[in-house]
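K.L.:
Each chain is listed here by its residues.
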Amino acid sequence: MSDKKTRKASIEEDDSETIEVVFFKSDSCAFCPRAEEVIRETIENFGSDVFTLKVINVSENPEAAEEYGIFALPTVMIGGVSVTGIPEPDLLMKMVLGAKVLTKKKDESE
Amino acid sequence: MSDTTIERVKTGIPGLDELIEGGFPRGDTILVAGKAGTGKSILATQFIYKGATDYNEAGVLVTLEEPPHLIKRNMIRFGMDLEKLEKEKKISIVDLSPSKEVAPVTIGEYPSFDLSGLEAIILNHVKKLNAKRVVLDTLSILAYKFKSRDILREEFFKLAASITRTGCTLLLTSEIPAHEQGFGVFDIEAFLASGVIVLYNEKISDTSRSRSIEVLKLRGSKHSSRIHSMRITDEGIRVWPGEISPGR
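Top line first, the protein sequences correspond to chains C and U. Everything in the first sequence is counted per the numbering used here, starting at 1 for the first residue and increasing by one. Everything in the second sequence is counted per the numbering used here, starting at 1001 for the first residue and increasing by one.
A hint or two may mislead.
What the hints assert, rightly or not - Some chain C residues well away from chain U (every beta-carbon gap over 10 Å; in silico):
id	residue
1	Arg-40
2	Asn-45
3	Glu-66
4	Val-81
To be verified - List time: in silico SDA-like cross-link candidates among lysine to any residue, alpha-carbon distance up to 25 Å:
id	chain 1	residue 1	chain 2	residue 2
5	U	Lys-1127	C	Glu-88
6	U	Lys-1145	C	Gly-79
7	U	Lys-1087	U	Glu-1066
8	U	Lys-1128	U	Ala-1178
9	U	Lys-1127	U	Asp-1081
10	U	Lys-1128	U	Tyr-1144
11	C	Lys-54	U	Lys-1072
12	U	Lys-1145	C	Gly-98
13	U	Lys-1050	U	Lys-1090
14	U	Lys-1158	C	Gly-98
15	U	Lys-1072	C	Glu-63
16	U	Lys-1090	U	Lys-1035
17	U	Lys-1147	C	Val-50
18	C	Lys-100	U	Lys-1010
19	U	Lys-1050	U	Gly-1079
20	U	Lys-1050	U	Ile-1227
21	U	Lys-1089	C	Glu-63
22	U	Lys-1010	U	Asp-1081
23	U	Lys-1128	C	Asn-61
24	U	Lys-1128	U	Gly-1027
25	C	Lys-94	U	Glu-1109
26	U	Lys-1050	U	Glu-1088
27	U	Lys-1090	U	Glu-1065
28	C	Lys-100	U	Glu-1083
29	U	Lys-1158	C	Asn-45
30	U	Lys-1147	C	Lys-100
31	U	Lys-1100	C	Glu-60
32	U	Lys-1145	C	Glu-44
33	C	Lys-54	C	Ile-43
34	C	Lys-54	U	Glu-1101
35	U	Lys-1072	U	Glu-1083
36	C	Lys-94	U	Glu-1101
37	C	Lys-54	C	Glu-88
38	C	Lys-94	U	Lys-1090
39	U	Lys-1035	U	Ala-1178
40	U	Lys-1145	C	Thr-52
Since the hints were made in silico from the structure, they are not lab data. Here the structure is a predicted model, which is why all the values come from computation and not from measurement. Where a beta carbon is used, it is the ideal one built from N, C-alpha and C, also for glycine.
Using the sequences provided together with the hints, build the complete structure.
P.N.:
Rendered as structure tokens:
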């Protein structure tokens, strides 16, 4: 029991430092499965503890896409920037690194 | 109703219905094209407003350019209170304008995307309100937002088809760039629609301009082939069917 508690606490701590990757897809989007694969592979290269991947299926949750003004799919959003279409791993890496720098700066200023 | 009778949707623009056999054919896609400042957005918003107030038809206004608070402010000048209709769930204003604060900055685009997100967003509102009218204002902004024109063209066809399949009449606005012919930035806007309405605001002398409207095509309808006078009055857009524009 205590182990569980410790683990939970450490996950919560990790969460504050993880980078959120938000992936928007839909049921009818032909390019979305490949885009999701590329994103998952790229993220795994960094180590899964660095990221939280949030997948939003716009067919089920159109409100979320509307909130962010995202209507072309697939779109991946990392730290306030986004890419539409099947992303190249290089660009994803750059987005991730950009987000990491931002997170670090934010942490330092706090 | 016989097969040869086309059900008409009243436009809510006084004088316009008389030019087009009583209204837009229900379930059609209509393009309203014109240069900047010709009144496209006012006409499109009036179509939604009057649909809700005068004809009991709920409407969805999708704005890709102007933020909702400015649309509301501009329309209240004509006595059209969009906010009230929104609260009464007679209309929805879908804000997809670039001014949204939470919208991410797009840094890359690959030619492997579709507009199924836009479709899902619009159909969600159509379903919620049981809407009969949809406006997309303006198509042209997408040409600046996305580089892949070929994809956009194809996706527009699909999008227009899936919206009109629900029984909604779809009105699209398209800005004709200054000094250019044609009906918009894609060159295909006119093909996309079964009806094309063009608005003008031509200079007729050194000191004045004249507004006019032309029904360029409307499939399945006998329509006027003249260019008619149009004015933006205190109550919105009004067309004078008996008056031929002096400017053209």
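K.L.:
Hints first: check each against the structure and report whether it holds.
P.N.:
Against the structure, the hints come out as follows:
no.: 1; hint: Arg-40; result: holds, 17 Å
no.: 2; hint: Asn-45; result: holds, 19 Å
no.: 3; hint: Glu-66; result: violated, 5 Å
no.: 4; hint: Val-81; result: violated, 5 Å
no.: 5; hint: Lys-1127/U - Glu-88/C; result: violated, 36 Å
no.: 6; hint: Lys-1145/U - Gly-79/C; result: holds, 20 Å
no.: 7; hint: Lys-1087/U - Glu-1066/U; result: holds, 20 Å
no.: 8; hint: Lys-1128/U - Ala-1178/U; result: violated, 38 Å
no.: 9; hint: Lys-1127/U - Asp-1081/U; result: holds, 23 Å
no.: 10; hint: Lys-1128/U - Tyr-1144/U; result: violated, 30 Å
no.: 11; hint: Lys-54/C - Lys-1072/U; result: violated, 35 Å
no.: 12; hint: Lys-1145/U - Gly-98/C; result: holds, 23 Å
no.: 13; hint: Lys-1050/U - Lys-1090/U; result: holds, 11 Å
no.: 14; hint: Lys-1158/U - Gly-98/C; result: violated, 36 Å
no.: 15; hint: Lys-1072/U - Glu-63/C; result: holds, 22 Å
no.: 16; hint: Lys-1090/U - Lys-1035/U; result: violated, 30 Å
no.: 17; hint: Lys-1147/U - Val-50/C; result: violated, 32 Å
no.: 18; hint: Lys-100/C - Lys-1010/U; result: violated, 55 Å
no.: 19; hint: Lys-1050/U - Gly-1079/U; result: holds, 11 Å
no.: 20; hint: Lys-1050/U - Ile-1227/U; result: holds, 24 Å
no.: 21; hint: Lys-1089/U - Glu-63/C; result: holds, 16 Å
no.: 22; hint: Lys-1010/U - Asp-1081/U; result: holds, 20 Å
no.: 23; hint: Lys-1128/U - Asn-61/C; result: holds, 14 Å
no.: 24; hint: Lys-1128/U - Gly-1027/U; result: holds, 18 Å
no.: 25; hint: Lys-94/C - Glu-1109/U; result: holds, 14 Å
no.: 26; hint: Lys-1050/U - Glu-1088/U; result: holds, 14 Å
no.: 27; hint: Lys-1090/U - Glu-1065/U; result: holds, 22 Å
no.: 28; hint: Lys-100/C - Glu-1083/U; result: violated, 41 Å
no.: 29; hint: Lys-1158/U - Asn-45/C; result: violated, 37 Å
no.: 30; hint: Lys-1147/U - Lys-100/C; result: violated, 28 Å
no.: 31; hint: Lys-1100/U - Glu-60/C; result: holds, 22 Å
no.: 32; hint: Lys-1145/U - Glu-44/C; result: violated, 31 Å
no.: 33; hint: Lys-54/C - Ile-43/C; result: holds, 12 Å
no.: 34; hint: Lys-54/C - Glu-1101/U; result: holds, 20 Å
no.: 35; hint: Lys-1072/U - Glu-1083/U; result: holds, 7 Å
no.: 36; hint: Lys-94/C - Glu-1101/U; result: holds, 23 Å
no.: 37; hint: Lys-54/C - Glu-88/C; result: holds, 19 Å
no.: 38; hint: Lys-94/C - Lys-1090/U; result: violated, 45 Å
no.: 39; hint: Lys-1035/U - Ala-1178/U; result: holds, 6 Å
no.: 40; hint: Lys-1145/U - Thr-52/C; result: violated, 28 Å
Violated hints, listed in ascending order, are 3, 4, 5, 8, 10, 11, 14, 16, 17, 18, 28, 29, 30, 32, 38, 40; each of the other numbered hints is respected by the structure.
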